[in-house]
Amino acid sequence: ISTSYASLSSRSGLLSEPAISPPLSRMTITSPHLAWPIQVEPKLNGAYITVSDVLGAIYHSLRQNIRPAEFHSLPGKNDMQRVTAAYQARYRRIPNRTSYEEEKKAGVKRVDFLKGKIIFAGLSCGSSVHSWIMTV
82 ISTSYASLSS
92 RSGLLSEPAI
102 SPPLSRMTIT
112 SPHLAWPIQV
122 EPKLNGAYIT
132 VSDVLGAIYH
142 SLRQNIRPAE
152 FHSLPGKNDM
162 QRVTAAYQAR
172 YRRIPNRTSY
182 EEEKKAGVKR
192 VDFLKGKIIF
202 AGLSCGSSVH
212 SWIMTV
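Number 217 marks the last residue of the sequence shown (our numbering); no jumps.
Keep in mind the hints are simulated off the structure, nothing from the lab.
Check each hint, because a few of them may be wrong.
[To be verified] Here are the computed distance ranges between Cβ atoms for each label pair:
1. Trp117 <-> Gly157: 33 to 43 Å
2. Ala187 <-> Asp160: 17 to 27 Å
3. Met161 <-> Ala187: 14 to 24 Å
4. Pro99 <-> Gly157: 33 to 43 Å
5. Ala170 <-> Gly94: 30 to 40 Å
6. Lys158 <-> Pro104: 40 to 50 Å
7. Gly188 <-> Thr216: 33 to 43 Å
8. Thr179 <-> Ser212: 38 to 48 Å
9. Arg178 <-> His211: 41 to 51 Å
10. Ile200 <-> Asn146: 19 to 29 Å
Don't be surprised by glycine CBs; every beta carbon is placed ideally from N, CA and C.
Start from the sequences and build out the full structure, keeping to the hints where you can.
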């Protein structure tokens with residue numbers, strides 16, 4: 082979740098295919114690890130949500146910085162420590178010194194609330210056709 086998804090497909094056109102069948106024009110993704118829903122809208126074609134729209138929405142949502150109040154709203158000290166450890170692990174993986182410093186200076190992002198669980202394992206149906214749950 083910390084890298085671009087453009088190189089994921091060797092099959093031409095996969096990213097422009099509908100994300101689900103039948104195609105939807107809106108989708109909300111939630112995760113038990115996140116306090117924020119991820120809203121997905123059709124950006125690639127304007128008519129229905131594509132695989133690219135889903136991956137892009139997840140990526141851009143998780144790259145957003147959090148506010149200090151959001152960090153302090155975590156349920157306990159252990160959660161704060163695990164989010165901080167995920168933040169440190171994320172910027173420490175960057176080999177380029179300039180990028181490392183920029184990422185460190187940018188602070189905690191939503192992805193850090195996944196507490197190191199950064200392997201996307203898919204989406205499952207939620208309580209409605211427009212509601213989906215992200216598994217990591």
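Status of the hints after comparison with the structure:
no. : hint                          : verdict
1   : Trp117 <-> Gly157: 33 to 43 Å : violated (19 Å)
2   : Ala187 <-> Asp160: 17 to 27 Å : holds (21 Å)
3   : Met161 <-> Ala187: 14 to 24 Å : holds (18 Å)
4   : Pro99 <-> Gly157: 33 to 43 Å  : holds (41 Å)
5   : Ala170 <-> Gly94: 30 to 40 Å  : holds (35 Å)
6   : Lys158 <-> Pro104: 40 to 50 Å : holds (44 Å)
7   : Gly188 <-> Thr216: 33 to 43 Å : violated (26 Å)
8   : Thr179 <-> Ser212: 38 to 48 Å : holds (41 Å)
9   : Arg178 <-> His211: 41 to 51 Å : holds (44 Å)
10  : Ile200 <-> Asn146: 19 to 29 Å : holds (22 Å)
Of the hints listed earlier, those the structure fails to meet are numbers 1, 7, in rising order.
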